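There are 2 protein chains.
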Amino acid sequence: MAERIEYFYWPGIQGRGEFVRLGLEDAGADFVDVVRSRKRGLDEMILIAAGEAEGALPFAPPFVRVGGVVVSQTANVLQFLGPGLGLAPRAMPLRAELNQIQLTLCDFVDEIHDTHHPIAGGLYYDDQKGPAKRRSRDFVAERMPKYLTWLEHVLQRNRSSGGKWLVGRDCSYADLSLFQIVAGLRYAFPHAMAEVEADLPLVVAVHDRVRERPRIAAYLRSKRRIPFNEMGVFRHYPELDAKARRRRRV
Amino acid sequence: MAERIEYFYWPGIQGRGEFVRLGLEDAGADFVDVVRSRKRGLDEMILIAAGEAEGALPFAPPFVRVGGVVVSQTANVLQFLGPGLGLAPRAMPLRAELNQIQLTLCDFVDEIHDTHHPIAGGLYYDDQKGPAKRRSRDFVAERMPKYLTWLEHVLQRNRSSGGKWLVGRDCSYADLSLFQIVAGLRYAFPHAMAEVEADLPLVVAVHDRVRERPRIAAYLRSKRRIPFNEMGVFRHYPELDAKARRRRRV
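For the protein sequence lines, the chains are A and B, in the order given. The working numbering puts the first residue of the first sequence at 1121, with every later residue one more than the last. The working numbering puts the first residue of the second sequence at 1121, with every later residue one more than the last.
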């Protein structure tokens, strides 16, 4: 990947862009965060999203541009960049498995988003607080454990064939996304997460190993990492952090 | 693609599986609908989803198995099968664009699903009818026109470079998905769709051309095509089909 990567995402939030950024940071890639580093970067992003530039038309950020090619949709960007970043396995069946995991993580993120915006992304949280409480109650009791348990099973299966990451032998972009989701859920739903983590030793171990990777650790300490806040995907509204239904181990 | 494709999805609904099936049908592929044609097909599907079989662990159907490799997540299945089915362009940038469009269509389908299930997929519609009405009002006024207009723009851009499909020169699996979404929206939101279609000539034209492709036309007439119903993604609940906000052309 000789060409410089231009990365486009909203400033001020981690959002879905963070899944792409973690890959770029972990690989030490030569990239530019256009919106945060160029004077008219936000205008540039909006022009591309409005169809005023060459290349594929993104539906929404995040997207990247590499050598004139515009690539959008989080999982698609990661699939496009992954091999060049050293964050994807070589064998085709493993790549299909990696993509399937990443798409499932993206679905998980969509459901996390909809806990605070179950009615409409364009309305304020306060205007949908009632439904948000109901959706969050179900999310914490059913969906969050379902996704996390599935990840634990994927890790168990891969461990039984000698791997300590989600796919194959090495850390992939899906492991970085797992890290981000665990970190975000701990921020958004601290009580609920505290209750389920004991059943997720492998998930927590991947989170911890990703956090300690040298370039990720340096990135997390830097100003480039925007703190979690109540404009992003992972929002801490204490009223939504209902305790998970207590599940006893059999 | 010499090996026979095993296709796994719930019986009785079109659901997300239909996007995969349309590709298989259009290509005249050698595939078996395991659940609907084998005596213990449903058990087979459930065993794979429960992790009792070899291969990648799907989070949910639809998935396919080809030569021992299990591939799940609708867009991932299509990406995996697409080239062998003759439903994907060859050039890598066009493949990335195709995948980005397909992923956006999948997001659209998720939002369509959540119009009738804004609180929880595990609860009955009747238990979330109030929030469903609110979500549908926003969907019909904002989200549905946003996605459809974006598709119209993608088609306009491709037409200006000589194409009459979403990507490149030939029909791809994303065009088949567009057909399915237009057909589904006409079923679920007939009033709202009637109001917006006049502004979407290229989208409607792709829908019509797909419907007339010989193998698709034969499939739609066959018993293999399950009719739309109120258990799938596209459900006709008249109370959700609020008229779209009237938008005048400027």
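Be aware that one or more of the hints could be misleading.
The list cannot tell twin chains apart, which means a pair is met if one copy fits it or any two copies do.
BS3-like mimics (lysine-lysine), calculated; alpha carbons at most 30 Å apart, straight line [as the list claims (entries may be wrong)]:
#  : residue 1 : residue 2
1  : Lys1159   : Lys1266
2  : Lys1284   : Lys1159
3  : Lys1249   : Lys1266
4  : Lys1249   : Lys1343
5  : Lys1249   : Lys1159
6  : Lys1266   : Lys1343
7  : Lys1266   : Lys1253
8  : Lys1159   : Lys1253
9  : Lys1249   : Lys1284
10 : Lys1343   : Lys1159
11 : Lys1284   : Lys1266
By construction, these hints were calculated from the structure, which means they are not laboratory data. The model shown is predicted, which means the values in this text are computed figures rather than measured ones.
Could you place Lys1249 and Lys1284 in one of the four classes (within, between, both, neither) given a Cα distance threshold of 30 Å? Classified as neither: same-chain Cα gap 40 Å, cross-chain 44 Å, threshold 30 Å.
At most 30 Å between C-alpha atoms: does Lys1284 with Lys1266 qualify within a copy, between copies, both, or neither? within (21 Å within a copy, 42 Å between copies)
Between the shortest in-copy and the shortest cross-copy C-alpha distance, which are at most 30 Å for Lys1249 and Lys1266: within, between, both, or neither? Intra 24 Å, inter 25 Å, cutoff 30 Å: intra and inter.
Have a look at Lys1159 and Lys1253 and pick one of within, between, both or neither, based on CA distance no larger than 30 Å. Answer is neither; intra-copy 40 Å and inter-copy 43 Å both fail.
How would you label the pair Lys1266, Lys1343 (within, between, both, or neither) given a Cα cut-off of 30 Å? For Lys1266 and Lys1343, the Cα distance exceeds 30 Å both inside one copy (34 Å) and across copies (35 Å).
Same-copy or cross-copy closeness of Lys1159 to Lys1266 [CA-CA at most 30 Å]: between (44 Å within a copy, 29 Å between copies)
Alpha-carbon proximity context of Lys1249 and Lys1159, limit 30 Å: neither (37 Å within a copy, 47 Å between copies)
30 Å Cα cut-off: does Lys1266 pair with Lys1253 within a copy, between copies, both or neither? both (19 Å within a copy, 27 Å between copies)
At most 30 Å between alpha carbons: which applies to Lys1284 and Lys1159, within, between, both or neither? Neither, since 43 Å and 38 Å both go past 30 Å.
Are the CA atoms of Lys1343 and Lys1159 at most 30 Å apart within a copy, between copies, both, or neither? within (18 Å within a copy, 59 Å between copies)
For Lys1249 vs Lys1343, is the C-alpha pair at or below 30 Å within one copy, between two copies, both, or neither? Classified as neither; 32 Å inside a copy, 45 Å across copies.
Checked against the numbered hints above, the structure violates hints 2, 4, 5, 6, 8, 9; every other hint is satisfied.
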